[in-house]
Amino acid sequence: MTIPMIQTINLKKYFTTPKGELHAVDGINISINKGETLGVVGESGCGKSTLGRVILKLLEPTEGKVLFEGNDISKYNKKQMKNMRKEMQIIFQDPFASLNPRMTVSEIIAEPIKVCKTIKNNSEILEKVFDLMNIVGLAERFVNTYPHELDGGRRQRIGIARALALDSKFIVCDEPVSALDVSIQAQILNLIMDLQDKMGLTYMFITHDLSVVKHISDNIAVMYLGQCVELASTDELFDNPSHPYTKALLAAIPIPNLKHWKKLNVIKGEVVSPINPKPGCRFVQRCPNAMPKCSQEGTKLTEITPGHFVSCFLYK
Amino acid sequence: MSEKLLEIKNLHVMYKTDDDDEIYALNGVNLILEKGKTFGLVGETGAGKTTTALSIMRLLPDRVGFVKQGEIMLEGKNILKMSEAEMRLIRGNDVSMIFQDPMTSLNPIHTVGHQIGEVLRLHNPQMSNKDIEVKVDEMMETVGISTDRKNEYPHQFSGGMKQRIVIAMALACRPKLLLADEPTTALDVTIQAQVLQMMGELKEKFDTSMILITHDLGVVAQICDSVAIMYAGEIIEIGTVEEIFEADEHHPYTIGLFGSIPDMTKKTERLNPIDGLMPDPTALITGCRFAERCPKCMEICEKISPENYIRNTHQIKCHLFTEEVKNDLGNEPGRKFE
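Protein chains in written order, with this note's numbering: chain A, -9 to 306; chain B, 214 to 551.
Simulated from the structure, these hints should not be mistaken for lab results.
Hints should not be assumed to be uniformly reliable.
Lysine to aspartate or glutamate pairs mimicking DMTMM-like chemistry, simulated, CA-CA at most 25 Å apart [as the list claims (entries may be wrong)]:
id: 1; chain 1: B; residue 1: Lys479; chain 2: A; residue 2: Glu114
id: 2; chain 1: B; residue 1: Lys480; chain 2: A; residue 2: Glu114
id: 3; chain 1: A; residue 1: Lys188; chain 2: B; residue 2: Asp488
id: 4; chain 1: A; residue 1: Lys159; chain 2: A; residue 2: Asp229
id: 5; chain 1: A; residue 1: Lys249; chain 2: B; residue 2: Asp488
id: 6; chain 1: B; residue 1: Lys348; chain 2: B; residue 2: Asp429
Computed beta-carbon distance windows for the label pairs [said to hold, decoys possible]:
id: 7; chain 1: A; residue 1: Tyr136; chain 2: B; residue 2: Lys229; range: 48 to 58 Å
id: 8; chain 1: B; residue 1: Asn525; chain 2: A; residue 2: Val262; range: 44 to 54 Å
id: 9; chain 1: B; residue 1: Phe279; chain 2: A; residue 2: Glu97; range: 46 to 56 Å
id: 10; chain 1: A; residue 1: Met189; chain 2: B; residue 2: Thr478; range: 26 to 36 Å
id: 11; chain 1: A; residue 1: Asn230; chain 2: B; residue 2: Met295; range: 20 to 30 Å
id: 12; chain 1: A; residue 1: Val262; chain 2: B; residue 2: Ile513; range: 32 to 42 Å
id: 13; chain 1: A; residue 1: Lys268; chain 2: B; residue 2: Tyr366; range: 20 to 30 Å
id: 14; chain 1: A; residue 1: Asn230; chain 2: B; residue 2: Glu482; range: 14 to 24 Å
id: 15; chain 1: B; residue 1: Met286; chain 2: A; residue 2: Ser223; range: 17 to 27 Å
id: 16; chain 1: B; residue 1: Asn364; chain 2: A; residue 2: Pro8; range: 49 to 59 Å
id: 17; chain 1: A; residue 1: Lys268; chain 2: B; residue 2: Glu299; range: 29 to 39 Å
id: 18; chain 1: A; residue 1: Leu116; chain 2: B; residue 2: Asn521; range: 45 to 55 Å
id: 19; chain 1: A; residue 1: Ala280; chain 2: B; residue 2: Asn342; range: 57 to 67 Å
We put the CB at the ideal spot given by N, CA and C, even for glycine.
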């Protein structure tokens, strides 16, 4: 059996707040194979960005393991981690806040190279920068401009070039297109997919937009309040959504096609607080199929058909 | 023939910036809204959607935004000619607006009950405090928030509930026209579905017409009767929702816009986005504003701004459909867009 590129084992991240413990990521088990894309979907506050950051060790996990090509990096010290960072990068959501306004485009793209000293000669670095700009579709004339001079789509291209600068194998894309207009969003999605084909990259793609995640992912993990409630291949998840939350999520998306017009199926209530959650299923207050035992014991991800995991008592 | 509630004729709006750049935000917008209908205004950032709404409210920023030309007729009266005092009677009473971000459109230092009551107090000075309280309770129930929470402050509510409060404020005086500027963009999908459903029900209940500004074509398909697609300060295509989503002929930009959204109903390998970016709004363009990015651009497009090609209620602002070009191209396949 091949070793997955990324695997998490019972990964947890709790934050201490004045009101109690906030369970941002609570026992996540996922794996991503080389060259594949795992889409992580969920609503705001479900812990999807925290999960991305814990996997990259930008946040220390509270419990559990992160395996990168089979090696447990959660125990790595700073020095070992610095070496690992060359292998894993992140593209951030907001192309306006994630670029230093006082650095030019070439300085931003070259920064990871200088930090990790992968290339030492200055003219070679510049060559690499032009190379990267070419790959992500930025004209060379922008090399000495500052981020504020560019529009959102071009800024996001800078963010992508920076993530590629170290020839990393694994990239966490944290809502890379949600701040962009649809026509620009489509350009960036195409770019991200082309890069995967060309360079064999592995992605973890975090988003709240189900149509985007369907388009780009091989597998999808649906998160609700820090837990993964359903994990399946993209086709299986959309053909056969099983967890009541996944069903509700799919039923709530308005589709831009009159032939598929449906009355939106609305679930009641809102996401409850992730601070000191009660035992039992976290979706129980909003679930149309809730049973008495749902609020008593927690559920575990169970395989209902090969490769399709659901965490719900309906399938036990 | 149903009644016209709002008619915008040839509206031009310009912004002047500090360094004397002139930004042409709206360049001849025409639209008609009939009573009781929901009208969708679709377009990308900078297309002029919000400027259109602010012009209707007469809330363009002082000394920066100017209406250069055109008329906005509300029930036959030109609101651009009204005095500020007359306008104040209309705002919140006949026409009200919901803004995109519910977090910033509520006042953090007043209770939500007070804020819903404010609009009632302003427009009904004769109403007693007791009557206002009754009305506030009624509005809160209509939008599905328990009246026990009347004395709480905005920060104690979630995003979806804040947007419900904003909707309660906007509908408190039963306006004839509601301008909703991206009302659900800041909300999660399951909450968005709740709010959209509620807005549809309230529109029926209060017999309000609505202009819904959005960039989400899914939301448009869900609740609008007619749609205008905006690009660089112009309406480039307008029609009923069936015409925009199902007719054979479309403006190339509309096709690009639909090609940019991943389709949930089928599997596509690649998206077909539009190349390039929206033109610089400070530049005066003589030809078609979309020419630079248009895959079907012809010689004439760069020189002359196209007329509207009209078929029933469907209008497309594109040279591909004007008669003389049609004759040139004959029946050549590819003339019609799929």
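- Can the suggested window of 49 to 59 Å be confirmed for the beta-carbon pair Asn364 (chain B) and Pro8 (chain A)? The hinted range 49 to 59 Å is violated for Asn364 (chain B) and Pro8 (chain A), with Cβ atoms some 24 Å apart.
- Is it true that the C-beta distance of Asn230 (chain A) to Met295 (chain B) lies inside 20 to 30 Å, as the hint says? violated, 58 Å
- Can the restraint linking Lys159 (chain A) and Asp229 (chain A) be considered satisfied, given a maximum Cα separation of 25 Å? Between Lys159 (chain A) and Asp229 (chain A) the Cα gap is close to 31 Å, so the pair fails against 25 Å, i.e. violated.
- Message: Holds or violated: the 48 to 58 Å window for the beta-carbon distance between Tyr136 (chain A) and Lys229 (chain B)?
- Response: Roughly 25 Å apart at Cβ, these two residues miss the hinted range, so it is violated.
- Message: Between the beta carbons of Val262 (chain A) and Ile513 (chain B), is the distance compatible with 32 to 42 Å?
- Response: violated, 60 Å
- Query: Does the Cβ distance between Met286 (chain B) and Ser223 (chain A) fall inside 17 to 27 Å?
  - Reply: Between Met286 (chain B) and Ser223 (chain A), where Cβ atoms are some 55 Å apart, the hint is violated.
- Message: A range of 57 to 67 Å was offered for this pair. Does it hold for the Cβ distance of Ala280 (chain A) and Asn342 (chain B)?
- Response: Once the Cβ atoms are compared, 43 Å apart, the range 57 to 67 Å for Asn342 (chain B) and Ala280 (chain A) is violated.
- Item | Glu97 (chain A) and Phe279 (chain B) - C-beta distance against the hinted 46 to 56 Å | violated, 40 Å
- Item | Verdict for Asn230 (chain A), Glu482 (chain B) (Cβ pair) under range 14 to 24 Å | For Glu482 (chain B) against Asn230 (chain A), whose Cβ atoms are near 22 Å apart, the range 14 to 24 Å holds.
- Task: For the pair we were handed, Lys249 (chain A) and Asp488 (chain B), check the Cα-Cα distance against 25 Å.
- Result: violated, 28 Å
- Cβ distance range 44 to 54 Å for Asn525 (chain B) and Val262 (chain A), holds or violated: The hinted range 44 to 54 Å holds for Asn525 (chain B) and Val262 (chain A), with Cβ atoms some 50 Å apart.
- Cβ distance range 45 to 55 Å for Leu116 (chain A) and Asn521 (chain B), holds or violated: holds, 51 Å
Taken one by one, the earlier hints fail for this structure at numbers 1, 2, 4, 5, 6, 7, 9, 11, 12, 15, 16, 17 and 19, listed in ascending order.
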